[in-house]
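First to last, the sequence lines map onto chains A and D. First residue of the first sequence: 78, per this note's numbering; consecutive thereafter. First residue of the second sequence: 78, per this note's numbering; consecutive thereafter.
Bear in mind the hints are in silico, worked out from the structure with no lab data behind them. Wrong hints could be hidden among the right ones.
Heads up, the list lumps identical chains together, so a pair's fine if it works in one copy or across two of them.
Stated by the list, open to error - With a straight-line cut-off of 27 Å between C-alpha atoms, the simulated BS3-like cross-links for lysine-lysine are: (1) Lys653 x Lys163; (2) Lys138 x Lys99; (3) Lys501 x Lys639; (4) Lys621 x Lys504; (5) Lys613 x Lys753; (6) Lys753 x Lys710; (7) Lys613 x Lys653; (8) Lys172 x Lys138; (9) Lys170 x Lys753; (10) Lys216 x Lys172; (11) Lys836 x Lys501; (12) Lys99 x Lys644; (13) Lys827 x Lys99; (14) Lys465 x Lys368.
For clarity, every value in this text was computed on a predicted model and none was experimentally measured.
There are 2 protein chains.
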Amino acid sequence: MKKGLNIVGTRVPMLDAGLKVKGAAQFTDDLVLPGMLFGKILRSPLPHARILNIDTSRAEKLPGVRGVATGRDIPDRQYGIVPMAKDEYALAKDKVRYIGDDVAAVCAIDPEIAEEALELIDVDYEELAAVFDPREAIKEGAPVIHEGVKNNTSFAINKEFGDVARAFAESDAVFEDRFYSQAVNHAPLEPHAALAQFDPLNGDLTLWSSTQIPFFLRRNLSNTLQIPESKVRVIKPKVGGGFGQKIDMFAKDFCAAWFAIHLGKPVKFVYEREEVFISTRQRHPMYITVKTGVKKDGTILGQQFQAHADGGAYNSTAPTMIALSCFFLMIPYHIPNLIYEGCHIYTNKPVGGAMRGHGIPQARFAVERQLDMIAGRMGVDPVEIRIKNSIHAGQPHSAGFVINTCGFSESVTRAAESIGWQEKRGKLPLGRGVGLAGASFPSGVSNMSHISSGAVVQLGRDGAVNVLSGAADIGQGAETVISQIVAEELGVSLEDIRITAADTGITPLDPGTFGSGVTVRAGNAARLAAMSARNKLFEFIAEKLEANLADLVAENRNIFVKGSPEKGMTFSAALKAYQYADLPMPIVGRGSWMAPASEPTTLFKEDGNFAPSYSFMTQAAEVEVDLQTGRVKLLKMVTAHDCGTPINPMLVEGQLEGSVVGGMGQALYENVIVEKGQVMNPSFLDYGFPTFMEMPEIEAIEVETDDPIGPFGAKEAGEGTQLSPAPAIVNAVYDAIGVDFMELPITPEKILDALEAKK
Amino acid sequence: MKKGLNIVGTRVPMLDAGLKVKGAAQFTDDLVLPGMLFGKILRSPLPHARILNIDTSRAEKLPGVRGVATGRDIPDRQYGIVPMAKDEYALAKDKVRYIGDDVAAVCAIDPEIAEEALELIDVDYEELAAVFDPREAIKEGAPVIHEGVKNNTSFAINKEFGDVARAFAESDAVFEDRFYSQAVNHAPLEPHAALAQFDPLNGDLTLWSSTQIPFFLRRNLSNTLQIPESKVRVIKPKVGGGFGQKIDMFAKDFCAAWFAIHLGKPVKFVYEREEVFISTRQRHPMYITVKTGVKKDGTILGQQFQAHADGGAYNSTAPTMIALSCFFLMIPYHIPNLIYEGCHIYTNKPVGGAMRGHGIPQARFAVERQLDMIAGRMGVDPVEIRIKNSIHAGQPHSAGFVINTCGFSESVTRAAESIGWQEKRGKLPLGRGVGLAGASFPSGVSNMSHISSGAVVQLGRDGAVNVLSGAADIGQGAETVISQIVAEELGVSLEDIRITAADTGITPLDPGTFGSGVTVRAGNAARLAAMSARNKLFEFIAEKLEANLADLVAENRNIFVKGSPEKGMTFSAALKAYQYADLPMPIVGRGSWMAPASEPTTLFKEDGNFAPSYSFMTQAAEVEVDLQTGRVKLLKMVTAHDCGTPINPMLVEGQLEGSVVGGMGQALYENVIVEKGQVMNPSFLDYGFPTFMEMPEIEAIEVETDDPIGPFGAKEAGEGTQLSPAPAIVNAVYDAIGVDFMELPITPEKILDALEAKK
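Model the full structure from these sequences, guided by the hints.
Now the structure itself:
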């Protein structure tokens, strides 16, 4: 814990943990409104088809049905999280583009009747040729999924930093390898849900939604419903996980609002698990070719990276995802020359979207795998090659990143040490092995135009501190972190803080939970608001105590002159005194924060400092491969992580643990299997992510740095850790059985096949 | 409508009318929390008894029961709305004092099981002698209901203004008459309810309650539960009427919180209608003697007023009620000399409390009735005697009231004119008659210590105006009135306003809904907050437009230089410009208002200006008495009302209409009948208040004045109107059949008896 801090840096449980473990926390589906109706969505049974006609008359006649809506009924407004990539209707207008596409919606007095009515909707389809492989979809003559999108390629980046041709020419060796990372579902425990209420008198729409981005959702609803943004209020109840899957607006949001407006009753939609799997978002499958030129000692001179992302039927965050997978090839290693050629390709399959790491886990798998392979080919130790190529703080950067703090090479050393690298690598019996991989991630992004976080801190006479924040806690603990920051800044106790977060009707603007920016953005905003409120109080108290403003400190619910604790008063006495002198109502402090950026609109266009700061980490795995069954058991995972100065080390460890599970899933278990456009395993049982039974020993090592931009020195801790567990595991499997796997997941079948082939 | 105003003064429906008529508004009982439990209260079957033992073991064993609580379990803290008069436990400690007193509470998985469990609680009582008539209870030797309270008289005022003895000596005639006003129940459509949730980790208690006074309730809960005020959050959902009955904390509030804390589950209590009748509050029955000295021409020289209020088993608002009934004898007539002798007497009956008019309807009935009788005896016209004795603005006042504006004598004239006084009074056939009565009421009170209202106005970039107010809209339309004031002050449209009212966790302090002060207190606070926010914007815009700050006006969503509408910009453009220059978050304006008072703690002690302003009104009734059945039909009621400048005339009329129903009930129908302490008619059917079938023609006449203190010249409109309908009706009955009724209600039986006696 940092010197002089009392609350920031402490291991406190999440503020809402009590209500959650008691089962009393309110998620969207827990909300009940008088006269509430229930909605269900009819989904396309075909991967690609034109809608010739929809007959809803039989459904409308079913007793208990209150409304049926199709694409014909709604405004002609496409939506999407990225303004330049809007390509989706809440309900299909003319075409369906994947099995599971939203076709029509029913609203009824109970969910069962709504479900029954779906079967009474008669849709006349003209089936079209479909394409399921992005490598086919990109070819001339492939079925056109979106009119006017050439080669089904909705977004592409071709970018060169430095001079790769010269780098390759100067290299001692150039290696080219191909990789594939599969479709992975976020599988949040809470399914997607929305509840809408409309006030017919004032035209006020309120939507409670399981969302990561209340303010963006407000904008999307306003656009697609064609009502002013000021008349839309989005409230985020408790959210049971998102991992990026709840960044988009979905049919459930739009349709709940649509029916609420048109029927004048509250309307709730809750997705079934099957719908979460098929009709929300997944991590993009990606076909990757990496060509890397190195010197004999393993120094990387240049890299060429090609990625074909299988986007499924719609864009979602496509441009962002491609840009991220491009730019973040530039850390944690010093890559002086890079060509990135990446594209997002439509197929008639479920839609890819943001998922923890957002385009980078796939790239990082390829790069970290190839790095091990190159190390092997050049006779360099995988640890050494990583340290040798590590980026360092203050170093000039070929993409223009400004690295203020960097604990990467230390993280490699400490992770290796802790996993027993020296004793174990290449020295364990057949079937046992160790491996590692590194990663880095931005703490939010600088160059997205005018995305600011705001916070209001109210100091009440009763001693309660009310924090209004637009940040969206989706289970990661954002509200706890923000509260710790405010408590620290005010010198009060954490239990004095009451936080209201993410109600667009009350809380100030915040972009939401994505890009690992919440702690930095919303944390800094809350800190500024707390300072503003505190300074109002300090000015008053300084005069009262006849002290210098600059000498006052607030600590343990007291305000006093530094070094003279007897010269002061309690925080609540100060508040009371202030409020008798000013107004008998809360002191209000406002704070707003935006990442500094000289060029605030450079995303996708220019180089520059992409993020206010960058986290770094190394994960090291030890595995055991059962040579009879092909099963891989992850014995231990060490994470050495530089997230600056952790606000709450326990929550950081929660993130690390979650990332290990995610990485195991990506490496060993998870895969959304699609046959002719049909998802074959859309259930927890069939999908089979890791459970408690598979959990390894986990060791967390904090590589502490003191970031000058993050609040109290903090950097992101949520997504970076998700990048390296999968390659670390696959690298360890190589150490265990000597097989280089290039495609994920490495299932027992693949391992047995590889062992067989090796014989 | 006042010149220059666009929104204040318009007839707009209540902002929440849409949701209410759609059935979608959320009252406390509509709220559902996961895992919610349900509570019921065991009530005393005896009017007065000592509790020897309570055995809860059988109840605890009933499957589904989660907890049972008795007075032994809870902290030894009495509560009450008036600090000096706390005499009540949430659950009885040693004694029960009326049939219906709170004895124990059960919490179970459904309300039926909780109800069933009540029957399994064995209470061992030692019955005590009870007393039901305050005239008996006040005697030496009567049963002692509260230890240490002599003669069961918990509060008394004996006060003289001027010199009554001399006034009587100088009078041409002195009349003494006795009156009785009965027990009346508020009968709000929504029964009393509370839902509590406790966060075991943070110790945060949240209570949703059907209450008029969220902040006082917070204080009472904090005191009785012995947890800090900062850990209690009270949220007021929609409230379906209160009329004063929801000013107190009740067992349902305490017990919901208590069980939530101890069981770790949300707990809901909803009272049955029978409980609302018996175990909440009612208007105090009052025995009144009025002695008045007049000159020949009807000029009042002095008055002696004695009141014995039957308080039932507890104090509730006793001191306030007695003080109000005393002080408001001093308006609307000029009473130069007055002796007031009033006391609050305990009996073993249901508890009296605040009810619309709060102690004054009973007094006003007596005074207005006697005034008619005196007029008759002296041969003066009832209209003339009222005008002659009317108070006037600016007139010196014997109790120290400062009357800034007064439309009383005009209200008498206009009400009389409209009912057809000249043509009808004394001239209608037997069985038909007209009558009138006057009244006045304070717009809030000045001399209650440090009761301030606060408001926060946030101007968002999307053009939405968020108002945070602590005011408690209980159906009267406070939120609409406040929103109109804010919209007017900002020059925006009413639909741009979004109001969040009465959540002690978010909204600033407000005393709540009582004393008819909401429009004045919370309205002024909101106006100041709006002005503060607007001025921040104006300062910026003035510089931008190179205009004088003082020349800027905001109107119709535009800000421009007065007289030069072309030199300006839209409100939302101004906001955007400001927020780019300052912080990209809402502008926050704060406002706080407290009635001016030189001596802020004079209640019950000194003379002085009791209220910031005073409303005045006259009601005139025309009735038809069925000589066969004794039934009185109210044909028409005219109300001429000076509520200053109405913010929303439609809502004022709603208040007038409600007051007519209340007055008819008091005069003709309603009476809580108690036999040996047992309420005999605790249901809507048996109690029999007026319905739509009995509604007369109602005419509303605005006597507009421009109050210098109320927002935009407004004065109260909620309670004053409730004072005079009953005496107006009874005075009209006198005109119809020549009988002077002195006791309420005048039922058909009484009328037939009187007609019989007259024969």
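Structure-based check of each hint:
1. Lys653 x Lys163: between (52 Å within a copy, 26 Å between copies)
2. Lys138 x Lys99: Between copies only: 23 Å across chains, 42 Å inside a chain, cut-off 27 Å.
3. Lys501 x Lys639: neither (53 Å within a copy, 83 Å between copies)
4. Lys621 x Lys504: Classified as neither: same-chain Cα gap 71 Å, cross-chain 75 Å, threshold 27 Å.
5. Lys613 x Lys753: neither (65 Å within a copy, 61 Å between copies)
6. Lys753 x Lys710: neither (32 Å within a copy, 80 Å between copies)
7. Lys613 x Lys653: Intra 13 Å, inter 26 Å, cutoff 27 Å: intra and inter.
8. Lys172 x Lys138: Close inside one copy (26 Å), not across copies (62 Å); limit 27 Å.
9. Lys170 x Lys753: Result: close within a single copy only, 23 Å intra versus 74 Å inter.
10. Lys216 x Lys172: within (21 Å within a copy, 89 Å between copies)
11. Lys836 x Lys501: Close inside one copy (24 Å), not across copies (119 Å); limit 27 Å.
12. Lys99 x Lys644: Neither, since 44 Å and 60 Å both go past 27 Å.
13. Lys827 x Lys99: neither (43 Å within a copy, 60 Å between copies)
14. Lys465 x Lys368: within (19 Å within a copy, 105 Å between copies)
Going through the hint list in order, the structure does not satisfy hints 3, 4, 5, 6, 12 and 13.
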